[in-house]
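Residue numbers (numbering that gives the first Met the number 0), protein chains in the order written: chain A, 0 to 581; chain B, 0 to 581.
Certain hints may be false.
[Said to hold, decoys possible] Calculated lysine-lysine pairs in the DSS-like style (CA-CA distance at most 30 Å, straight line):
#1 B:Lys301 - A:Lys73
#2 A:Lys159 - A:Lys301
#3 B:Lys430 - A:Lys425
#4 A:Lys75 - B:Lys430
#5 A:Lys263 - A:Lys253
#6 B:Lys75 - B:Lys301
#7 A:Lys425 - B:Lys301
#8 A:Lys73 - B:Lys75
#9 B:Lys73 - A:Lys430
#10 B:Lys430 - A:Lys166
In case anyone wonders, no lab produced these hints; they're calculated from the structure.
Each chain is listed here by its residues.
2 protein chains.
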Amino acid sequence: MRRHGVQAFVTPSTDPHSGEYVPKHWESRAWVTGFTGSAGVAVVTMDKAALWTDSRYFIQAADQIRDTEFVLMKDKVEGTPTIEDWLATELSDGDCVGVDGLVNTVSAIEALRDSLLPYGITVEDVGDPYDEIWEERPQLPTSPVVIQGLEYSGESAASKLARIREKTGMDALLVSMLDEVCWTLNLRGDDIDYNPVFVSYLLITPDKAVLYVDRRKTDEVRSCYEGRDMLIADYLNDEGVEVKDYGSIFSDLKDIDTPVWAQKERTNYACYMLLKNPMARECPISAMKVMKNATEIAGYRKAMVKDGVAMVKWLKWLIPAVEAGGQTEMSLVRRLYELRKEQLLFMGDSFQNIMGYGSHGAIVHYEPNDTTDIPVRAEGLLLCDVGSQYRDGTTDMTRTIPLGPLTDEMRRDYTLVLRGWINLAKAHFPKGTYGSQLDVLARAAMWEYGINYLHGTGHGVGSYLNCHEGPHQFRMNYMPFPLCPSMTITDEPGIYIEGSHGVRHENTMLVVEDKDGVTFGPYYRFEPLTMCPVITWPVITEWLTSDEKTWLNQYQKQVFETLSPLLDNEHREWLREICKEI
Amino acid sequence: MRRHGVQAFVTPSTDPHSGEYVPKHWESRAWVTGFTGSAGVAVVTMDKAALWTDSRYFIQAADQIRDTEFVLMKDKVEGTPTIEDWLATELSDGDCVGVDGLVNTVSAIEALRDSLLPYGITVEDVGDPYDEIWEERPQLPTSPVVIQGLEYSGESAASKLARIREKTGMDALLVSMLDEVCWTLNLRGDDIDYNPVFVSYLLITPDKAVLYVDRRKTDEVRSCYEGRDMLIADYLNDEGVEVKDYGSIFSDLKDIDTPVWAQKERTNYACYMLLKNPMARECPISAMKVMKNATEIAGYRKAMVKDGVAMVKWLKWLIPAVEAGGQTEMSLVRRLYELRKEQLLFMGDSFQNIMGYGSHGAIVHYEPNDTTDIPVRAEGLLLCDVGSQYRDGTTDMTRTIPLGPLTDEMRRDYTLVLRGWINLAKAHFPKGTYGSQLDVLARAAMWEYGINYLHGTGHGVGSYLNCHEGPHQFRMNYMPFPLCPSMTITDEPGIYIEGSHGVRHENTMLVVEDKDGVTFGPYYRFEPLTMCPVITWPVITEWLTSDEKTWLNQYQKQVFETLSPLLDNEHREWLREICKEI
Numbered sequence: 000m001r002r003h004g005v006q007a008f009v010t011p012s013t014d015p016h017s018g019e020y021v022p023k024h025w026e027s028r029a030w031v032t033g034f035t036g037s038a039g040v041a042v043v044t045m046d047k048a049a050l051w052t053d054s055r056y057f058i059q060a061a062d063q064i065r066d067t068e069f070v071l072m073k074d075k076v077e078g079t080p081t082i083e084d085w086l087a088t089e090l091s092d093g094d095c096v097g098v099d100g101l102v103n104t105v106s107a108i109e110a111l112r113d114s115l116l117p118y119g120i121t122v123e124d125v126g127d128p129y130d131e132i133w134e135e136r137p138q139l140p141t142s143p144v145v146i147q148g149l150e151y152s153g154e155s156a157a158s159k160l161a162r163i164r165e166k167t168g169m170d171a172l173l174v175s176m177l178d179e180v181c182w183t184l185n186l187r188g189d190d191i192d193y194n195p196v197f198v199s200y201l202l203i204t205p206d207k208a209v210l211y212v213d214r215r216k217t218d219e220v221r222s223c224y225e226g227r228d229m230l231i232a233d234y235l236n237d238e239g240v241e242v243k244d245y246g247s248i249f250s251d252l253k254d255i256d257t258p259v260w261a262q263k264e265r266t267n268y269a270c271y272m273l274l275k276n277p278m279a280r281e282c283p284i285s286a287m288k289v290m291k292n293a294t295e296i297a298g299y300r301k302a303m304v305k306d307g308v309a310m311v312k313w314l315k316w317l318i319p320a321v322e323a324g325g326q327t328e329m330s331l332v333r334r335l336y337e338l339r340k341e342q343l344l345f346m347g348d349s350f351q352n353i354m355g356y357g358s359h360g361a362i363v364h365y366e367p368n369d370t371t372d373i374p375v376r377a378e379g380l381l382l383c384d385v386g387s388q389y390r391d392g393t394t395d396m397t398r399t400i401p402l403g404p405l406t407d408e409m410r411r412d413y414t415l416v417l418r419g420w421i422n423l424a425k426a427h428f429p430k431g432t433y434g435s436q437l438d439v440l441a442r443a444a445m446w447e448y449g450i451n452y453l454h455g456t457g458h459g460v461g462s463y464l465n466c467h468e469g470p471h472q473f474r475m476n477y478m479p480f481p482l483c484p485s486m487t488i489t490d491e492p493g494i495y496i497e498g499s500h501g502v503r504h505e506n507t508m509l510v511v512e513d514k515d516g517v518t519f520g521p522y523y524r525f526e527p528l529t530m531c532p533v534i535t536w537p538v539i540t541e542w543l544t545s546d547e548k549t550w551l552n553q554y555q556k557q558v559f560e561t562l563s564p565l566l567d568n569e570h571r572e573w574l575r576e577i578c579k580e581i
Numbered sequence: 000m001r002r003h004g005v006q007a008f009v010t011p012s013t014d015p016h017s018g019e020y021v022p023k024h025w026e027s028r029a030w031v032t033g034f035t036g037s038a039g040v041a042v043v044t045m046d047k048a049a050l051w052t053d054s055r056y057f058i059q060a061a062d063q064i065r066d067t068e069f070v071l072m073k074d075k076v077e078g079t080p081t082i083e084d085w086l087a088t089e090l091s092d093g094d095c096v097g098v099d100g101l102v103n104t105v106s107a108i109e110a111l112r113d114s115l116l117p118y119g120i121t122v123e124d125v126g127d128p129y130d131e132i133w134e135e136r137p138q139l140p141t142s143p144v145v146i147q148g149l150e151y152s153g154e155s156a157a158s159k160l161a162r163i164r165e166k167t168g169m170d171a172l173l174v175s176m177l178d179e180v181c182w183t184l185n186l187r188g189d190d191i192d193y194n195p196v197f198v199s200y201l202l203i204t205p206d207k208a209v210l211y212v213d214r215r216k217t218d219e220v221r222s223c224y225e226g227r228d229m230l231i232a233d234y235l236n237d238e239g240v241e242v243k244d245y246g247s248i249f250s251d252l253k254d255i256d257t258p259v260w261a262q263k264e265r266t267n268y269a270c271y272m273l274l275k276n277p278m279a280r281e282c283p284i285s286a287m288k289v290m291k292n293a294t295e296i297a298g299y300r301k302a303m304v305k306d307g308v309a310m311v312k313w314l315k316w317l318i319p320a321v322e323a324g325g326q327t328e329m330s331l332v333r334r335l336y337e338l339r340k341e342q343l344l345f346m347g348d349s350f351q352n353i354m355g356y357g358s359h360g361a362i363v364h365y366e367p368n369d370t371t372d373i374p375v376r377a378e379g380l381l382l383c384d385v386g387s388q389y390r391d392g393t394t395d396m397t398r399t400i401p402l403g404p405l406t407d408e409m410r411r412d413y414t415l416v417l418r419g420w421i422n423l424a425k426a427h428f429p430k431g432t433y434g435s436q437l438d439v440l441a442r443a444a445m446w447e448y449g450i451n452y453l454h455g456t457g458h459g460v461g462s463y464l465n466c467h468e469g470p471h472q473f474r475m476n477y478m479p480f481p482l483c484p485s486m487t488i489t490d491e492p493g494i495y496i497e498g499s500h501g502v503r504h505e506n507t508m509l510v511v512e513d514k515d516g517v518t519f520g521p522y523y524r525f526e527p528l529t530m531c532p533v534i535t536w537p538v539i540t541e542w543l544t545s546d547e548k549t550w551l552n553q554y555q556k557q558v559f560e561t562l563s564p565l566l567d568n569e570h571r572e573w574l575r576e577i578c579k580e581i
């Protein structure tokens, strides 16, 4: 810090590609603080060190930083200063805060700069200090890349590039979100947990497209495309894409005269500052990617059926196994993983799967590990939020499973969440409706009882890509992106009673055409993609309206009809019983 | 135009005080075009003239401008240029558009200026040309002013001024919205149809408050306050308010050195440009005014009961009267007006009341007049949207009344609107919820049938003030203003089938505390203020959930219990029958 003339340094959890998960190489914040949670920012001055994180991680963070100089700052808790306020207090007029422009978005640095400006404190990009001080820093990942063939993607990379160029016209586009690179080029990687992407940039100009990547991934790796086994580099060449070294993006960005579209919220500051003609325009790929084509939709259906079969096998096994004793959250996770792994084209989890028993179910992002694992007994509720990556599709579902006797409160919450889940799932809505307008449908039933949840109600799901995909979503906050046919979106209300239990029901759904409206144009509705039964015995059926019962019975019937041909007799009869009408 | 060096002149429908209704003096657009509708903009160039208006007025406007040079421009219809586009086409680089800065807000002029800038066209405030060319222009209104005593307002003007100064601190505040002047000073006027306000400005500085008004209204008019009969000017003096001539605002604004808060969306350009230190801050009165105090709430309840009694008398009379023949929309309006006029403290309509029979019910802002009036027969639906001004409160309600045999479609729409109306009315919601989040509750039932309405679902209602009061509302558009206990808001979904019928059900409601939530703080709910029965025989009862039926039965019971002590035997028994459980 002294050498760079800065009096503080800020280390966020992010990497150059603004993704939800980051490769180990960029886990500098975890390395410097010892805190391994996914969200947190470390700030170091010449004599102090502090770590900001949110309520999910208060306990874990306190524990992991106990023997360090870091002080825990509880985000959004009254009395906790913001990073900016803290810096304003700790530093003096004329001081400078150092950041690594590569792992911060343009927006993040602009916001920090704006809020420190009144205090006479400046912000400077001093590059990555960890290369020097972090011994044994993990290398950039080198996992191989595969082609996501037309049988899964439904559209060639060349065609996608042409469609993107229709939007960018005579300008260039810098793509730094890894799932957008992957979607555009029909490639997938394995550099990051849960997200089948690889570290790279893509620069699309009116007359060429260049992929910046570790060239071993393209020049030494073969994959199959349209029946031919070929080098990734040759495949890309055929699609009109040149390959260059990952690091050469910097000099290329400096040289480009064309205006370059680079969205400030998702482009790193270091790249953006190199551009002669940056244009802070929204990246068009995001809105293109969420409109799934027929091949992708068929793939989702296959993936959901596979997950459904695995879930039925697991659910049928579950109760006797728990009653027999000896099961823990971790053992249940392993069993479910094994059953999904038996399914064709299974590639792994699509996020850190959640298996929360009892009071662990009330911790929204609980992930069982060897330290937190607890025995699971034949009573209460088990919250299981599970998602898979299959080559043909990504899945995300939650079932809350009654393992034995429940309290009245548990049955109340099970029923209220179910009502919200059904009411959103069965909505019809006119063209132009935003997810944020529909969100209340999932909450109204529990609001009657003074209960709410503070997370969003739903997000898009990628096609063998990231499980969380925007920009459309269901949430209380305003998000003006209309829902359109062929988008995927989850429906996942929940109730979390601290120290007692959690309930969440979640399906992934597809937006489809409904009928033409009597008034004002086309209407849309949702079709469930997830095919997994709901256990209905805890439901307080008198609380359900007849429309809600009808929807649930129809869904259970569809689950039975879809999955039963793929099950043996014993599982089929079990499923028939579970899916019987209420 | 030549004398002022402008090549076009724009005449909007607005006045210097940005209200919904304007005094005749400022109805320049109506005078110049002949078109008398409430919304429209006239634009005149050296050789052309055009009038923009919205779909409500296409027929009326076409009719009224038939023999003029004005061409009708149908707002928001495909192919219709915007005013800006049209001006850009008609004028040339270097040309100038004239406006009267007094009847345009700062925002309106800034927007016009910004959109014409790329064409090299400027915008200039050339003052009011109509004084010169409009012979027999109506004078500014001179109706007397009355004091809205503490028995109605519940808080003195001096106290309100003190609370406003807590927010504006060492700055000054220019109040130009007439209802905000009236609320602050506990005065009411009669200068404008439906809104009991008077033409004025109020300037509040840290050490004084000045009302700019036609001084005859204050110096020659007496009113009663706290048992004393006094001159308005003396009352104001006691509350710490000085009175000056309406026209002297301009020189005073020029002289003030203090920073002056003046919201750009509601302050006229002429005033704003005079300020040395304008601050484009939101006027704090708007948010204070919507929080009704206990006295005001008690007043609403009294007003709603009076309207309810009048409605019961009218409804009981209605069917036999219609069956007997000879009734028209206008005769029904007159009858209802007479019945409301019998009520204590009735001051008039709170908006242009709507009485739309048959296909007229499908015209959202239909107002019957001698030209449009039609006979009302004993069949189909009558849409009656009625609101009153009482000294103790403003009302707004809609009932759709079955006059005889209905089609299946009418019963469907009657039921779907009722379901939406009930679902919004019975909502519970956490602190911080916006009306725009709840809006879908009123629409979800009809969306199932592909039916929607394009107006908002609800608005605030003033306390013997404007019937439409912001900023909170229910609508599809985002409006981030949380609903808080002691706000009033209407609940008025509708279905309009062109050429056939219209259905709307509307109550005015009060936001009240619910219980403390199980999770995350206080919850709120709505309490109906409107006390008027719903005629239930057209309802397809199988479509209602049991919760919806329960709410409706409870409401009808409350209406009966509230109104029956005020009715004679015959009306009481009629009401008992109407309010019986479904």
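Within a Cα-Cα threshold of 30 Å, do Lys75 of chain A and Lys430 of chain B meet the stated pairing? Distance of about 18 Å is within 30 Å: holds.
Taking 30 Å as the top limit, are the C-alpha atoms of Lys301 of chain B and Lys73 of chain A close enough? violated, 50 Å
Need the status of pair Lys75 of chain B, Lys301 of chain B: alpha-carbon distance at most 30 Å? violated, 42 Å
So if I understand the rule, the pair passes when the alpha-carbon distance is 30 Å or less; does Lys73 of chain A with Lys75 of chain B pass? Judged against 30 Å, a Cα distance of about 50 Å means the pair is violated.
Would the pair Lys425 of chain A and Lys301 of chain B pass a check requiring their Cα atoms to be no farther apart than 30 Å? violated, 42 Å
Is it true that the CA of Lys73 of chain B sits at most 30 Å from the CA of Lys430 of chain A? holds, 23 Å
With a cut-off of 30 Å on the C-alpha distance, tell me whether Lys263 of chain A and Lys253 of chain A pass. Cα-Cα ~17 Å, so holds.
Taking only the CA atoms, is the gap from Lys159 of chain A to Lys301 of chain A under or equal to 30 Å? Holds, at about 24 Å.
Agreement of Lys430 of chain B and Lys425 of chain A with the hint, judged by alpha carbon distance not exceeding 30 Å: holds, 27 Å
Taking only the CA atoms, is the gap from Lys430 of chain B to Lys166 of chain A under or equal to 30 Å? It is violated: about 42 Å lies between the C-alpha atoms, which goes past 30 Å.
Hints 1, 6, 7, 8, 10, counting from the list given before, are not met by this structure.
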